[in-house]
Amino acid sequence: MIRKTLSGVGALGLSLAASVPAWAQEAAEAAEPVANPGNNAWMMTATVLVLLMIIPGLTLFYGGLTRSKNMLSTMTQIGATACLAMLIWVMWGYSLAFGDTTYEGTLGLFISGGSYFLAGTDASSTAATFTDEVISKYVFISFQMTFAAITAALILGATAERMKFSAVMAFVPIWLTIVYFPIAHMVWAGGGLLFEDGALDFAGGTVVHINAGISGLVLAYLLGKRRGYPAEPMPPHSLTMTMIGTGLLWVGWFGFNAGSALEADGSAGLAMINTFVATAAGALAWMVIERMMGHKGSALGFCSGVIAGLVAVTPAAGNSGPFGAILLGIVSSAVCYFFVAKVKAKFGYDDSLDAFGIHGVGGIVGAIGTAIAYQPFLGGPGDGSVGVGAQLGIQTYGVLVTIAWAGIGTLIAGLIVKALIGLRVSEEVEVDGLDISEHGERAYN
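Using mature numbering (1 follows the signal peptide of the UniProt record, and there is no 0), the letters of the sequence shown map in sequence onto residues -24 to -1, 1 to 421.
Calculated directly from the structure, the hints in this document are not laboratory data.
Hints are supplied without guarantee of correctness; some may be wrong.
With a straight-line Cα cutoff of 16 Å, these simulated EDC-like cross-link-like pairs (lysine to aspartate or glutamate) come out [said to hold, decoys possible]:
no., residue 1, residue 2
1, K45, E414
2, K318, E403
3, K45, D359
4, K201, D326
5, K45, E266
6, K45, E403
7, K201, E406
8, K201, E403
9, K45, D408
10, K45, E404
Just the calculated beta-carbon pair ranges, DEER-fashion [claimed, not checked]:
no., residue 1, residue 2, range
11, F323, S274, 20 to 30 Å
12, G242, E8, 23 to 33 Å
13, G242, A395, 28 to 38 Å
14, A95, G174, 29 to 39 Å
15, V407, G96, 50 to 60 Å
16, A317, Y92, 39 to 49 Å
17, V10, G90, 18 to 28 Å
18, R418, A366, 32 to 42 Å
19, R267, A95, 49 to 59 Å
20, K394, D98, 39 to 49 Å
21, A395, P352, 51 to 61 Å
22, S274, Y92, 43 to 53 Å
C-beta: ideal position from N, C-alpha, C; glycine also.
Starting from the given sequences, assemble the full structure and let the hints guide the process.
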């Protein structure tokens, strides 16, 4: 009897065991997707790394390049711009760029909606990645928020030492709304104009660098030259701080590039190694060019080459093999050097800290060069289904759209602010320095 009972229990157990996989599969299909903790942890880290790029990275990089009387002004403008951009992002920026509501027709090519003030988002909300995985939506929102913040801050390199703090604070909300958010949607959101055309921009060659560089150039023309430029020498007051900022930017850029894979996977690993080697090639190439031009290889040249390499590899980070990335770093350094050393002087625009000369120009080189670096014959991840010529056309179209949108939008935003409160400090303030005149402080006492 006991044996029969045990046999019956065993049969029931086997029956239940056989039914568990089917039940579990049905439950799994019905359950909401859950964020992968490992990917979430990586993306949280990447987000903080991008913040490191802004404060202290960009503040020290730009601050060291200015004259000492304007250092705190430059750093304060960057910090305040980043903070303002973060608040705007959660109020309406995220909605316009990546909102849950997709508009039909032409409007949907440029903006989305429906997620103002992060409506409908809570701790259980998830965002898609490039595979079947998902990450926490709050993490994705935070990651993209840092991109908006640093892009707005990069513009200030072209306007340093002469733009009013109040003008910066008025310009940033307008610019983000009519320039940055639509471009981010066009390039990175499903249904966006350039996304649907097949434009490749892994981490922001168009969205961040061309956008900021062109916007900075337009503002530089609106503001006019600094008093005494170019006759009066205006050397960087602390290349030591610029070098520290360069190192912090490079470290933070791994979050920028590898983080754009949205997962801790092979694509992130590819972006990581490309961020190493393209940057190394760009740094050395700039110094070699300096020697070829009859100058000494300089610390400033090293820093400039690092940024030129980083900028160029940004759109190609996950869209290139390592040796394609090295070529991009070298070419970007050469072209950026030419613009910084020759073109700026010829055309006479005062791009104070070379925001256009390195970010704008390097971004163009990287965005167009991605079409070549993507191809399998250079070790890129492409499968060859889209030929070099076709992809070059797509990339060039994306660059031209970004240049036009950023240029026209920045002109509109700049003219609005100029008409309302003015853009530029007075001559007396410029002579005394913006640190003491605008903020009541000095970098050095």
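Hint check results:
1. Restraint check: the Cα-Cα separation between K45 and E414 comes to about 11 Å, which is no more than 16 Å; the hinted pair holds.
2. This hinted pair does not check out: K318 and E403 have alpha carbons roughly 28 Å apart, beyond 16 Å.
3. Under the criterion of a C-alpha separation no larger than 16 Å, the hint pairing K45 with D359 is inconsistent with the structure, at around 53 Å.
4. Between K201 and D326, the direct Cα distance comes to roughly 5 Å. Compliance with the 16 Å bound is thereby established for this hinted pair.
5. Annotation: proposed proximity of K45 to E266 is violated, straight-line Cα distance about 29 Å (limit 16 Å).
6. At roughly 14 Å between alpha-carbon atoms, K45 and E403 fall within 16 Å of each other, so this suggested pair holds.
7. For the hint linking K201 to E406, the alpha-carbon distance of about 11 Å falls within 16 Å, and the restraint holds.
8. The suggested pairing of K201 with E403 holds, with an alpha-carbon distance near 12 Å, which does not exceed 16 Å.
9. Of the pairs offered as hints, the one joining K45 and D408 holds, with about 7 Å between alpha carbons and a cut-off of 16 Å not exceeded.
10. Among the hinted pairs, K45 with E404 is consistent with the structure: their alpha-carbon atoms are about 13 Å apart, no more than 16 Å.
11. The hinted window of 20 to 30 Å between F323 and S274 holds, with their beta carbons roughly 23 Å apart.
12. Against the hinted window of 23 to 33 Å, the Cβ-Cβ separation of G242 and E8 comes to about 27 Å, which satisfies the hint.
13. Restraint check, G242 to A395: a C-beta distance of roughly 51 Å breaks the suggested window 28 to 38 Å.
14. Hint check: A95 to G174, Cβ distance near 31 Å, so the stated range 29 to 39 Å holds.
15. Separated by about 52 Å at the C-beta atoms, V407 and G96 satisfy the suggested range of 50 to 60 Å.
16. For A317 and Y92, the Cβ-Cβ distance of about 46 Å falls inside the hinted range of 39 to 49 Å, so the restraint holds.
17. Here the CB-CB span from V10 to G90 is close to 24 Å, well matched to the stated 18 to 28 Å.
18. Distance hint check: the CB atoms of R418 and A366 are about 56 Å apart, inconsistent with the given range 32 to 42 Å.
19. The supplied range of 49 to 59 Å is met by R267 and A95, whose beta-carbon atoms lie about 57 Å from each other.
20. The supplied range of 39 to 49 Å is met by K394 and D98, whose beta-carbon atoms lie about 42 Å from each other.
21. For A395 and P352, the hinted distance range of 51 to 61 Å is satisfied, since their beta carbons lie about 53 Å from each other.
22. Our hint of 43 to 53 Å for S274 and Y92 holds, since their Cβ atoms are close to 48 Å apart.
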